[in-house]
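In the order they appear, the protein sequences are chains A and B.
Numbering of the first sequence is given in UniProt numbering, commencing with residue 1 and proceeding in unit increments.
Numbering of the second sequence is given in UniProt numbering, commencing with residue 1 and proceeding in unit increments.
One should not assume that every hint holds.
Pairs count within a copy or across copies, as identical chains cannot be separated in the list.
Said to hold, decoys possible - Quick list of in silico lysine-lysine cross-link-like pairs, DSSO-like style, CA-CA up to 27 Å: (1) Lys118 / Lys43; (2) Lys118 / Lys16; (3) Lys240 / Lys43; (4) Lys60 / Lys240; (5) Lys206 / Lys118; (6) Lys60 / Lys81; (7) Lys43 / Lys81.
Don't read these hints as lab results, they were simulated from the structure.
Number of protein chains: 2
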Amino acid sequence: GDTAAALAAGCPVVFKAHSGHMATADLVASAIIRAAERTQMPKGVFNMIFGNGVGEGLVKHPAIQAVGFTGSLNGGNALCKMAAERPQPIPVFAEMSSINPVVLLPGALQARGETVAKELAGSVVMGAGQFCTNPGVVIGLRSPAFSTFIEQLTEQMGSQAPQTMLNAGGLRSYSKGVEHLLSHPGVTHLAGKPQEGKQAQAQLFKADVSLLLNGDQLLQEEVFGPTTLLIEVADDAQLKDALQALRGQLTATVIGEPADLSQYNWLQPILEEKVGRILFNGYPTRVEVCEAMVHGGPYPATSDARGTSVGTLAIDRFLRPVCYQNRADSQSPPALQNANPLGLRRLVNGEWSDQPVA
Amino acid sequence: GDTAAALAAGCPVVFKAHSGHMATADLVASAIIRAAERTQMPKGVFNMIFGNGVGEGLVKHPAIQAVGFTGSLNGGNALCKMAAERPQPIPVFAEMSSINPVVLLPGALQARGETVAKELAGSVVMGAGQFCTNPGVVIGLRSPAFSTFIEQLTEQMGSQAPQTMLNAGGLRSYSKGVEHLLSHPGVTHLAGKPQEGKQAQAQLFKADVSLLLNGDQLLQEEVFGPTTLLIEVADDAQLKDALQALRGQLTATVIGEPADLSQYNWLQPILEEKVGRILFNGYPTRVEVCEAMVHGGPYPATSDARGTSVGTLAIDRFLRPVCYQNRADSQSPPALQNANPLGLRRLVNGEWSDQPVA
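Whenever a hint applies, use it, and build me the whole structure from the sequences.
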């Protein structure tokens, strides 16, 4: 996303390949370079580098003017610190940690609990759970319908086939995350085979809501892989408290019937403060590249909540406004000439217009 | 600027009054609060606090989500560091240091050198030189016309009346800045009475271009007050080197006849990299609040070059995008409803439209 946005903004890009899939990175880089050549972009507009420890040199290099990053909270924070301490500080757009809460409303569980269980399980295990927007916590209101749903989701998650992850490091992190959950006294394991061998096993846990309300670290941390965690709240007041206890996230999802959504309309302003994208009756995995997309959110989901790494709004990350005062029309580029030869829609004295300026 | 922008973006503001003009600050705050009451904005939307050392507590307070600042490079850097080290880091929009280079082209000096000297002196001493966009360095190409211009500017600056600055601290800083220039071996004093008493004396200096080319600190630092510094370059190549040696600035100004501007069109891409606003045949003091204004620039002029503190674009500083996916039309605010009841121009599937969505 950031590479496409930076190129669209006219910036050359230096890309550090992930050590876990270097051959894939090389294939993608070659495709980008071929495309750049075919479209006659300047030579050197895209560069990929390989190696451990080269990130630091890159972030500190004076020619680098912005950084995009996806990865761990520690890694992202370290990059932000380095960038802020440069002689000339630069922005870092880091996507670091998101557990993407899903709120299940009572009417939907009553009307189509089993379908929701199937769909939600599908979203959790999609691509072995290796999506930033993987639903990592599922919140429901205590009720017979939610209890039935828990059984249904347990069955769904228990019947998932193991999956191969992107690389061995990812599998190691996933196994460690699962162990932490298994060993936590406030967390119950509901489904999933022991995590052993070379593939990731889908897992389902249930945690006491007090862990979330008391700021337990484990419930704020993303376990990157095919796992999710159920939380049961006693009533609407506790649902509100639980959502407010969440840190910044990329997404929040609300599953509800029309009557649910009217009744729980008060969720929206709470979720707006917490996330970059709010979904209704959908699942957060799958991200459309379009004008309306926001794939960002408050810290620690991202280091800079004012943008997105996916969608056309991402181009703004790599632009800096420059104002020309009293420049001769003849010395202005076509986009700014009075005659508007490119027929652009422009803001002229506060009014949008695609007409020439008289 | 930032207060107006934050309010326009829907954010409440806590403003720390400058200790040098507290009564003025109180008058302005009262006016803002009266306006907020008359327009029925929520109570507490604007707050002013007084006192030394309260800034740190403000920047670190979890309810504060962004910081605007105008002041010294050291002060701004310290705030940026504090904000970056918060448990939840927040953006700082600091405007810190700018010497606003003015480039005088040969044709203009030939055609109207005396007028330029008068106008430029007026810009340097306007408001006792207390503007972020005060022209702090004036660059010209060695020639008889430039030598004559130097004499004319020397006469203009020498005949300025002393002026009262905003506060005693500002006068102390100005006196110290003037002393540094007077004591530098590479800097010649051309005009200005000794800096003594309670008012600021306008001063004119000339510095050897080598100071700029070798990165001498003194030539990069803003002297906040009615003073400016001439630099003579040998030729176009040295002009280019001198401009490239400048750090980030708020503005750059080019004074030239039409033939000059065509011949020196190559200046534009260099200046674009260095500043937020480029002026032709105007002077950087006076800033219009409008859609096109950019009152920002690369570090150290500002801490975040992607924005502006003056003009409507400043509102973006205080906004964060949120995407709603599959939200019921009935639960959307009027601005987003399909019928477009507010008649807004909206980006719909990539096309601008003020029509209802079918």
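Evaluated hints:
no.	hint	verdict
1	Lys118 / Lys43	neither (49 Å within a copy, 48 Å between copies)
2	Lys118 / Lys16	neither (38 Å within a copy, 54 Å between copies)
3	Lys240 / Lys43	between (54 Å within a copy, 25 Å between copies)
4	Lys60 / Lys240	between (43 Å within a copy, 26 Å between copies)
5	Lys206 / Lys118	within (17 Å within a copy, 77 Å between copies)
6	Lys60 / Lys81	both (11 Å within a copy, 17 Å between copies)
7	Lys43 / Lys81	neither (32 Å within a copy, 37 Å between copies)
In summary, the structure is inconsistent with hints 1, 2, 7 from the numbered list given earlier, while agreeing with the others.
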